[in-house]
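> Chain by chain, the residues:
Number of protein chains: 2
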Amino acid sequence: MTYRAPVRDMMFVIQELAGIDAVAQLPGFEEAGADTAQAVLEEAAKFNEGVVAPLNWTGDQQPSALKDGVVTTTPGFKDAFKAFAEGGWQGLQHPADFGGQGLPKTIGFACTEMLNSANLSFALCPLLTDGAIEALLTAGSPEQQQAYIPKMVSGEWTGTMNLTEPQAGSDLAAVRTRAEPQPDGTYRIFGTKIFITYGEHDMADNIVHLVLARVTGAPEGVKGISLFIVPKVMPDGSSNDVHCVSLEHKLGIKASPTAVLQYGDHGGAVGYLVGQENQGLAYMFVMMNAARYAVGMQGVALAERAYQKAVGYARDRVQGKAVDGSTPAGGGIIHHPDVKRMLMTMRALTEGCRAMAGVAAAAYDAAHAHPDAATRAQNQTFYEFMVPLVKGFSTEMSLEVGSLAVQVHGGMGFIEETGVAQMYRDAKILTIYEGTTAIQANDLVGRKTVRDGGAAARAIAGQIEATEAELAKRDSVAARGMLLRLRAAREAFVDVVNWMAAEGKANPGGVYAGSVPYLMLAGNLMAGWQMARALMVAEDKLAAGEDAEFMRAKIATARFYADHILSRVPGQRDSVVAGADAVMSMPLEAF
Amino acid sequence: MTYRAPVRDMMFVIQELAGIDAVAQLPGFEEAGADTAQAVLEEAAKFNEGVVAPLNWTGDQQPSALKDGVVTTTPGFKDAFKAFAEGGWQGLQHPADFGGQGLPKTIGFACTEMLNSANLSFALCPLLTDGAIEALLTAGSPEQQQAYIPKMVSGEWTGTMNLTEPQAGSDLAAVRTRAEPQPDGTYRIFGTKIFITYGEHDMADNIVHLVLARVTGAPEGVKGISLFIVPKVMPDGSSNDVHCVSLEHKLGIKASPTAVLQYGDHGGAVGYLVGQENQGLAYMFVMMNAARYAVGMQGVALAERAYQKAVGYARDRVQGKAVDGSTPAGGGIIHHPDVKRMLMTMRALTEGCRAMAGVAAAAYDAAHAHPDAATRAQNQTFYEFMVPLVKGFSTEMSLEVGSLAVQVHGGMGFIEETGVAQMYRDAKILTIYEGTTAIQANDLVGRKTVRDGGAAARAIAGQIEATEAELAKRDSVAARGMLLRLRAAREAFVDVVNWMAAEGKANPGGVYAGSVPYLMLAGNLMAGWQMARALMVAEDKLAAGEDAEFMRAKIATARFYADHILSRVPGQRDSVVAGADAVMSMPLEAF
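So the sequence lines, in the order shown, correspond to chains A and B.
Going by my numbering, the first sequence opens with residue 1026, and the numbers climb by one from there.
Going by my numbering, the second sequence opens with residue 1026, and the numbers climb by one from there.
Worth flagging that the hints you see were computed from the coordinates, not collected in a lab.
Which copy? The list can't say, so a pair holds if one copy fits it or any two copies do.
With a straight-line Cα cutoff of 25 Å, these simulated SDA-like cross-link-like pairs (lysine to any residue) come out:
1) K1248 with Q1344
2) K1071 with E1574
3) K1346 with P1533
4) K1248 with P1353
5) K1092 with E1442
6) K1530 with A1481
7) K1566 with M1611
8) K1248 with A1307
9) K1346 with R1201
10) K1566 with E1614
11) K1248 with D1196
12) K1346 with S1195
13) K1092 with G1436
14) K1092 with I1440
15) K1346 with T1217
16) K1566 with A1615
17) K1103 with P1175
18) K1346 with D1196
In this text, all values refer to a predicted model and were calculated from it rather than measured experimentally.
Model the full structure from these sequences, guided by the hints.
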């Protein structure tokens, strides 16, 4: 077994931190209680461990390949995707009206993690399809929804996001792909899109490309971008004028075909406008926000599998004795204090980010399904604050965890056949695609912090203070240690928020110079806050004699998070608040 | 030009921080003043930029390959190595008695950096040869020295270090390769060695393997290990019984052949004992210490080239406008505050580590050549304290810098053809070979801190306090900012040292649990200390109107180092001093 789904920890997050019981009170989610969660997670674990995970290394060694315009995916991917579709996994969180299972994100996020732990490259196909479904649910016409969504929910068809062009990456204002209106109400699409994940493959009967393009005569910049459906196969079974002209040769996620797509070389690809002209970017953001959260889960997922691999190696590899002589005969390097420290770092970051994502998922569910408008709005604000953290912090931490996983393996980690190097390579895309960490940080600073003068951020700080008050009632070493670090981190967060709110307008360069350190600080704090809550739950359960081994490990992990991860926060405050001038004072020509 | 040697910054370190004028006062180094340094560096720059650097990408694409027991290196490597040898570069720091140039390390370290920036894989061959020369200078008989050293110094022959076996990596006590004494005083060597860098190749006429093995009947453990010379080609021109049976398929440094060597499959490889039986590990440490410092320079070197590549891309890549509107038409992403922050992080870490290494090199020279024994001893202590920091901190920082270099490139960074992904892959070996970061940290804690009760560490802290006193006399913003961070970092360092000295014997597990955070803290501080010294020199030179652009950039970089890098230190103190229990309290079965 190369991967074992952490169902126990996921259920802890779902029940104790995200609060599945409350989610099951929401209209439409009445069946989605803890028992359902447990059953779904166990099924997902079985499928991902048994079917998807074994293909991860295969995909690295035998990537998808392009020949004569046809992309053949890694051996085994096609059958695995068929099984995925037949198992109903693509429709897990989508509406029952379109054939989905309509489960809350509070359950779905854990399944997303498992799929990505099992196989990051494979999981990208469903991830993009999820985004396309979301966009069509938001902005598609009823006819479009009927025509496309059921086929995507069932896994017969897959979806893509076509944003990037050679000159238009983070800056979508520079999109040049053009759409010419036709008398029949359709459009002809012309242009080149790059970095299109699963832009061409052999796992489904059709591919629904969602494409950003400019209608002839549209305004410059982001206000002139429209969204189009461009199916690979037309309703009459003929091929549309979209062609995969090459696949990228990448550092990682090699099994996932990253296509250059050429639209309209033979008269124009037929495109159908989604929603209103020139509103394309707003619709695409729906897709991107879903995808950003999911990429954050990819970070957690990669970290979890890397942790498991490192633990396995550390148990088996015999090499020397621990300094305190505690290694028994034949004992592994896991007895060495620094190996423990590395494993604990990996574990604490993974569990912290999982908990943060779970709590964000519950807010998403409440934001969508709660009967009270004010509660919905409050949860929406919270969720939107968390998305750049789930994406930015979890993926950055996955780089650290992936690197530590190699480190635990020593020289063997550098040998490709060991398999852990793949994780190090795969991880690096996560901080880049669906908006780099800097793009997430811009979102966090601009839309989520400066725009409301720091109100949303301070409201969360208030919730953290309440957790501190709970910690203060306890006298365990773990609770006291956590309180010390959590309070210092929360105070640092508030310092930064206040500084950004005050300086945001007058000194945008300086404020944005601190954007990524602020994101790292805030993500660390939010994950640490959840570890603080977890610690208290675990202490109480332990006292009640419930699942003692798990609870003891949770307490130890939370303690570690406090002293080794949360302790990074105050220094980051200094970087943001005092360090802006140092970033901006270097003359450009001197670099 | 893919790489431009930072001669100006190197000369700044050599003259202003390492103090070449004082080195040139040492007996034997009279000719090695600033003018010599400048001339040597300019020649080295020309050679490495022109001949070696262009082969870096080639090596990644066309690695060394094994066929029928013969290793063919990357096209171009053989000629480049010939040119390297003919240029006298292998002998740069070796004694004139053996054909070397006898230059001080204070000059040589910069040449080491350049060679490694140009091509990490290529540079490994001379790096290992340097180590073999050092070991023979220390422990070889006069006959052995005459037989091997001149040929290695001239680059006709190369050297290897044969330590690792499948069951013996960090733990050399587990070495099993055996040496059977022969009546003629030679030995027959039998065993398998793995991870042997340039263990077989076609760039030289002979390879001098230095091999750790156990003489029949030797004691168990490290006290029974001897060191042998095993030449690939025997004096009579016949082949010795050592064979390359495979090359590793690696994450990075692919051009460098990493061999599995089989000794004695055909009757026994002829080996010549170096020094005394059972003293092999002590001799090998000579070689390893030279190599550890050099691997630290590999970290600096990789970071420098990654920085240059990222700056180049950031200037050229047009994408959006900076938040403050400061991007001119057609201006690159270098105008974005977070891109500046990433570049400054890369630059500050690189310059800080280079400065630390330069100052350590000057101590090495004084430790070897100073006429006064007490001064020699003092410098030796300082140098020995710095070696694990140069190795450990500089290589860990190169991981951060390599990852940031990819990040600056965005999606293009993930495409192998861009070339920056190679740096990310290459870097990961640096924290592993020649002793992992944890092994460096064990050395720092055990031999360099706890053994003398923290005396050496506190002596250095005293020197840093003197720098703080100098800073305190200045009222520039930069000096005040630096003072604040340097003082806090030095105090944190002393806290950790005191804690380790006090706890070292009673609580070794806890102390070693903090060993790597301590190493990161100490390395950060030592590099930051040199940046503080650099800042004051630059302020003075700027006031004197000397090289204003360079001096302004140095001040900006030092300021950045203070607020963004040194500011990490206090949190690390908390991890070490408060966080040990959190590492050690997790039951092993719960991982």
